[in-house]
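4 protein chains.
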Amino acid sequence: MSTSTTSPVTPSELSQLLEKYRGFVEDKLFPIDLDVVKGPFRSFLPQLHSLREQAKTMGLFAPHLSPEEGGLGLTLVQFARVSEILGQSPIGHFVFNCAAPDIGNMELLHMFGSASQKSTWLGPLQKGEIRSCFAMTEPQLPGSNPVHLATTAVREGNEYLINGHKWFTTAADGAQFTIVMAVTNPEASSPYQRASMLIVPLDNPGFKLIRNIPIMGEAGEDYLSHAEVKFENCRVPASNLIGEEGQGFALAQERLGPGRIHHCMRWIGIAERAFDMMCKRAMSRELDIGKPLAEKQTIQNWIAESRAEIKASRLMVLDTAEKMQELGAKAVREDISTIKFFVADVLMKVIDRAIQVHGALGITDDTLLSFWYRHERGARIYDGPDEVHKSSLAKSILKSYQKKANG
Amino acid sequence: MSTSTTSPVTPSELSQLLEKYRGFVEDKLFPIDLDVVKGPFRSFLPQLHSLREQAKTMGLFAPHLSPEEGGLGLTLVQFARVSEILGQSPIGHFVFNCAAPDIGNMELLHMFGSASQKSTWLGPLQKGEIRSCFAMTEPQLPGSNPVHLATTAVREGNEYLINGHKWFTTAADGAQFTIVMAVTNPEASSPYQRASMLIVPLDNPGFKLIRNIPIMGEAGEDYLSHAEVKFENCRVPASNLIGEEGQGFALAQERLGPGRIHHCMRWIGIAERAFDMMCKRAMSRELDIGKPLAEKQTIQNWIAESRAEIKASRLMVLDTAEKMQELGAKAVREDISTIKFFVADVLMKVIDRAIQVHGALGITDDTLLSFWYRHERGARIYDGPDEVHKSSLAKSILKSYQKKANG
Amino acid sequence: MSTSTTSPVTPSELSQLLEKYRGFVEDKLFPIDLDVVKGPFRSFLPQLHSLREQAKTMGLFAPHLSPEEGGLGLTLVQFARVSEILGQSPIGHFVFNCAAPDIGNMELLHMFGSASQKSTWLGPLQKGEIRSCFAMTEPQLPGSNPVHLATTAVREGNEYLINGHKWFTTAADGAQFTIVMAVTNPEASSPYQRASMLIVPLDNPGFKLIRNIPIMGEAGEDYLSHAEVKFENCRVPASNLIGEEGQGFALAQERLGPGRIHHCMRWIGIAERAFDMMCKRAMSRELDIGKPLAEKQTIQNWIAESRAEIKASRLMVLDTAEKMQELGAKAVREDISTIKFFVADVLMKVIDRAIQVHGALGITDDTLLSFWYRHERGARIYDGPDEVHKSSLAKSILKSYQKKANG
Amino acid sequence: MSTSTTSPVTPSELSQLLEKYRGFVEDKLFPIDLDVVKGPFRSFLPQLHSLREQAKTMGLFAPHLSPEEGGLGLTLVQFARVSEILGQSPIGHFVFNCAAPDIGNMELLHMFGSASQKSTWLGPLQKGEIRSCFAMTEPQLPGSNPVHLATTAVREGNEYLINGHKWFTTAADGAQFTIVMAVTNPEASSPYQRASMLIVPLDNPGFKLIRNIPIMGEAGEDYLSHAEVKFENCRVPASNLIGEEGQGFALAQERLGPGRIHHCMRWIGIAERAFDMMCKRAMSRELDIGKPLAEKQTIQNWIAESRAEIKASRLMVLDTAEKMQELGAKAVREDISTIKFFVADVLMKVIDRAIQVHGALGITDDTLLSFWYRHERGARIYDGPDEVHKSSLAKSILKSYQKKANG
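Chains as they are written, first to last, in the numbering used here: chain A, 74 to 480; chain B, 74 to 480; chain C, 74 to 480; chain D, 74 to 480.
Calculated directly from the structure, the hints in this document are not laboratory data. Just so we're clear, the structure is a prediction, and the values are computed from it rather than from any experiment. Do not take every clue at face value.
As the list claims (entries may be wrong) - Simulated pairs of lysine-lysine, BS3-like, Cα-Cα distance not exceeding 30 Å:
no., chain 1, residue 1, chain 2, residue 2
1, D, K303, C, K364
2, B, K396, C, K93
3, B, K468, A, K353
4, D, K369, C, K422
5, C, K422, A, K422
6, D, K111, C, K303
7, B, K369, D, K353
8, A, K403, A, K191
9, D, K468, C, K369
10, C, K93, C, K129
What the hints assert, rightly or not - Which residues of chain A face chain D? A partial, calculated answer using Cβ under 10 Å:
no., residue
11, A355
12, M356
13, Q373
14, L388
15, S473
Yeah, the Cβ is synthetic: ideal placement off N, Cα and C, and Gly gets one too.
Could you build all of it, start to finish, from the sequences and the hints given here?
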């Protein structure tokens, strides 16, 4: 895992790398990604693993990891640039083994895992031999208020006894382990110090995958799914605790910081591909002979506004990544909230305009637009609904005015 | 079919009827409709047909038809009021046998069908014994410019030979016949007089249902599907022509007029149910104990704006229906364009807000919101994209300024 | 004052009346209104009073008053239709003596004034011999929370001693009296029963007009002004109290109900004229020879959206007026909030689009658009900011859900 | 004039400079700028000139000029940073002698002026001894299509004879000379090679300042005004031609490139100050005791959205300035269009929200918000309406798709 702010990759090397990633994505992923997302996903696994091997051979695999871990040692900002390119295909991050939730779990275990956790779980994860998931959100409690957790992990001797109900445990289907957020210290004075993170192997008899939740018309499977799961008297060794008891939220914050950069750059990649599809359609669809849709001013407006908004998104995310790299995640909390709601909104607007330009074709599954329209609608909800980020950004800004008034 | 502007139903009888429809929909349809749309649709057909029998028994079946035809003889405006209530459930119009495309075909055959067409097709359709579809849109040509049609019907002796490729032929799967729009008079001077409408039984060997198009993640089946179909040397008796040769567009216009009223009222029904779900969720979901989402001003804004926009929609559609009833479809072309883009936009905004209020639940298929978010996205596209209606409304308005300037 | 729900004016007479008002406004007011608003207003008073005489001669004066009071006896709904026409000119309501704040004061005194108040103040006001104003908003306290009032009226013997600071006392400059809202019963248990309304003649030595507030670049004068005023040991006879002590808010609510209908219809009138200017400009301004702005799809979109939004506004306001006429102001509180924020928003959007279509000309004072852009910006603020109305509408709706949950 | 891409000012020196500018603007301009814009402007000239002297003494005057010309030698990007700070006060750029239209004329004469033009006009302009203006827009022809010009300059011997009608000649009142755009070569094959730029001293008897156009309620005067002017048989020496005949548009493009950067950064400065006023008001205005407006989520939304949009604006403008500095104005035409419409829109949205947060106070002239609401409305119109920039951006983007399709 590369968390360094210096990189073995120079700017001009990065430019060459970006071209290679772009070539790989356009040549090898674009031709198949629509079929893959139509599924069934598992039937494509051999093909996807073969692409992973090609990525390794070309020295492009796991760009976020340090060279020692089999990666390229990119900084956060450099990886962000790669991430936008990978994001243009719904299978981009998966093929290069830097997809959520695995990448977040890799970052977490890299920073806070014990030596044994690293050798058992992190190593195979980094090599792409296994997959993982992250069980945090609970169906009965608002995810936007993370101190509300009903799942408990009670220390009994050398074990933790876990009980609870989670959902939106992304990609649990087919994963080897999950990291679960559970209350271990209900009596802690601060609600932010009550929960801990624990590793649970999914073959544990106390773990139940209830269903892949049907989301926007599809339950999906394997990597492309979101599970509802239960922990019922699920026992794990105490050594499966990550970090210290009560550190759950602190670790989650660490995990979310770069995670939002990753999401935002992936969204920008999607927006760029939708934009490209919109332009191609505008040029090729003729209303009358020689009269392409592109001549319509409304469509020109959408193209111009989309270009402006995508550009604004990219500059803001890269600016935030630079600051985070330099000053840490805490220093850029306002920026993180800003890009979360700004880019999610831009993403959905661009997808919506691209659909409208495609007309009836846009609502079929014959293009990727339908997939994104459905599967990225969650972008305005997960990792904190936009409304929560707006409020917290505003409150943070206004706090400085409070200080001025009081000072 | 009731096309009269007088109705056997008095205002106070209508109020009672509306209550009965509301009761039926809430008591008998709400409990099952989410399951029905999850499908498979065919497995629910026995249950749905039993509901139709109940509707008949209660004197509520086919409200749009004249009493002689087994209906209630409602006027367009009265039916619009019923239609809003039925629209609150995705199976409402189906159960009462007034769903598109059947209702449009009933209107068409009622007004322009020959005696033989009426007895063969219209009768069983009105009784709900068979289903029908309407093949107009073509994949290679913009539906927004209806004079572009590649499908041809060539008169050969006592037959028409039909060849062509259509899609978005709603509910073709399981239907007994389609009405197809095809060019019969390519040499006609006006492009609006080149096409005709013909009846094609779907067991005709020249008809091929290629696929139920996967739309927004679902191909669906039976009534809940949109087919891609081909006519390959498909021969039908000349007597299957509806009206005269070259009347295709004129008839389509007649069909679309009330059709848009029906759609808009159905959309308002959906919006009302989504609104209701949004309010209930806002009241029941607590962010903290005793702190429901409803206390958040952003959510209050969405509720207030949705209420205003739905009310505006209803008043405009009813106003248009009244004028259409009185003055005919041609006289309200501007109003029809207005409600088409205004209500479609309101519908999608209300659904989107309701989803956001539901958070993660909103993107699952555990509520109807996901179904509507996906299946009503087309509302801004079919029957003419909103952009086309805006331009044509504006041009019509500006034409009157031209006259003033010239006069 | 006509508060009856029956009118001496039949529907067909109303149609004729509306034509007469339209003719008067277009022929006599449109040619001069731009000059009048450029001012100085007082220099136009003789001309405006002459127009009032013509209105009287033609039987069009004071349409809101009963025939006995010199008016036409129109119902609220009928007057609303007239009001839209008058609103197309910034001097329309003034000429016909039905402009705010006079019309509100007439309604108030008609319903709650004593015989002596009626003969002294109401009579001359109805005849247009004097003008009045209404002093409610205070600079230091939020107008959106009307129970906050710092102005006091202390009963001393047969007099009230008034002290306080008000602003946005519209048209105080040149008025003969004001109605002032002041706290008379600070100890009342309900904050809604602490204030009263009193009549203060403006030649009272305790009344000071501090300034006509410069608003959006103009202080204005006379009817076209908004004053900052002070009451300094201002004594009035106890008989100047309107109604009972503590009834201030109850009366204000009565005054605001129809007041918002009046405002909304006036706004719709403005929107219609701005719309008309936009269309004319679009047809006459050529980007290239024979290529008018009207051919641009963006401008077509604005025209179509404006037409839809104005139509929605009108239907909602008339619907609200009908219900208010039938059921009273209290029964339509939700509707009143709805039209307040909906129509104010539409008004500003239509004006803004019309300006943009006019280009550089649109920001000059060479058209009325600049006047409305500036002087109607307050529409989203006065009579309760839009945000307050949205919240109160939503809370009222959600209350019914509370009841269901509890029931 | 500094057009170099290298600067004598290092990054750390720039930081210090920015602090100095910020201090100057906040300490010396904020206390008086509201009064100055209320005017009359001329009465403040002595005070403003004294501030200029202070700026010179502090080494802050004319930051855009090279050290030899009495400036600081800042690059375009460095000046952009300063410009944002100056923009926070409506008199900032004037005091530092870098306000439009003077700055554009300085750039033009610096690059294309003859030695004699430089000594006669540029020198005094750079020192702030005289003012200038720029006469391009014509009332009868759309400014958005600059090849339409009716003003002519006919060569007669050693003179040009100029005739024409212009408006929006900013700051003509009190200026010593104008640069006028006039057709000299009507027969040129390209419409872009027909016009030229000429210097006209304003004491020329053929020049007439018809009026300072009343704009949004104010005609203004001197620097704060926009004139309508006429050239009637106005003769100037042929040596007053700038550059070559027919170069008018080429020069105008050069002038507009950096000009849009300047405008955009000034707009961002305004938006920042309006944002600051909005936050302060939100914290200080209490709806109830201890319940500031800031607690309202709607206001939090506005603050968060404004912060995001301003940040996006700044990053895009600085990015464009960097590219322009490196690659020239032509290479960034798409970016220039992008920032023009994006930032103008953000500016007006932020001002509008700030007004709404101020309530009634926001529409008075007691804060700067009213000034900006009125005087910056033109931002969406001048230098090309937003709609034109959107279309031209889209067409430029789509052209690359054309090439792909053809290649």
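Each hint tested on the structure:
no. : hint                : result
1   : K303(D) <-> K364(C) : holds, 27 Å
2   : K396(B) <-> K93(C)  : holds, 25 Å
3   : K468(B) <-> K353(A) : holds, 28 Å
4   : K369(D) <-> K422(C) : holds, 24 Å
5   : K422(C) <-> K422(A) : holds, 21 Å
6   : K111(D) <-> K303(C) : holds, 24 Å
7   : K369(B) <-> K353(D) : holds, 22 Å
8   : K403(A) <-> K191(A) : holds, 26 Å
9   : K468(D) <-> K369(C) : holds, 15 Å
10  : K93(C) <-> K129(C)  : holds, 13 Å
11  : A355                : holds, 7 Å
12  : M356                : holds, 5 Å
13  : Q373                : holds, 4 Å
14  : L388                : holds, 4 Å
15  : S473                : holds, 8 Å
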